[in-house]
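Undergrad: Sequence:
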Amino acid sequence: MIDDPWTRTGYVAWQVAHVMGVRVEKALRPLGLTTAQHNALMHVARSPGISAADIARRTGITPQSMGAAVNALVDRGLLVRRRHPASRRVARLAVTEAGEVLATRAQEALNQVDEEAVAVLPPGERATLHALLLRLLADLNPDAVPPPGRPARMSRHG
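Residues 1 to 158, numbered by full-length UniProt numbering, are exactly what the sequence shown covers, in order.
Where hints are given, some of them may not hold.
Ranges of calculated distance between the beta carbons of each label pair, as one might list FRET restraints [said to hold, decoys possible]:
#1 V80 / R8: 42 to 50 Å
#2 R81 / A117: 33 to 41 Å
#3 D3 / R81: 43 to 51 Å
If you are wondering where the hints come from, they were derived from the structure by calculation, not from laboratory data. We put the beta carbon where it would ideally sit given N, CA and C, even for glycine.
All chains, please: the whole structure from these sequences, using the hints.
TA: Now the structure itself:
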């Protein structure tokens, strides 16, 4: 007999992630951003000089998809590439003024999505849920979570 999927934490987490993904896409659409582009923009805003490959590792997005997202942001004038001093093959990314403005607007939109999603939980449970999710993510993809003492500056997404 097949087990009820709702008894598995992974299934429930996947369902929550799916619903959140749909809500995030809906919030980003009016800004002209895909989720991959948003991830790229926010990571560069938080970590100027980061490479597209590093963003791909942190987000779990394929390097090819991240490259396409970065190219679209560069084409729109939201990011710029600068050559890495030690390697001609690695480009360091920086946010333009227009990119900063859009990153701020995206952050505001996604903060609203977050607030709506956890509104059912009291503040203590929100903090507990957030801490538990960070622990799971740190175990599943250590590159995704900032090192201790280096909090994310822009958004909880990306």
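Undergrad: Against each hint, give a clear statement of whether it holds in the structure.
TA: Now the hints, each set against the structure:
1. V80 / R8: 42 to 50 Å: holds, 44 Å
2. R81 / A117: 33 to 41 Å: holds, 34 Å
3. D3 / R81: 43 to 51 Å: The hinted range 43 to 51 Å holds for D3 and R81, with Cβ atoms some 49 Å apart.
When the structure is compared with the earlier hints, no violation turns up for any of them.
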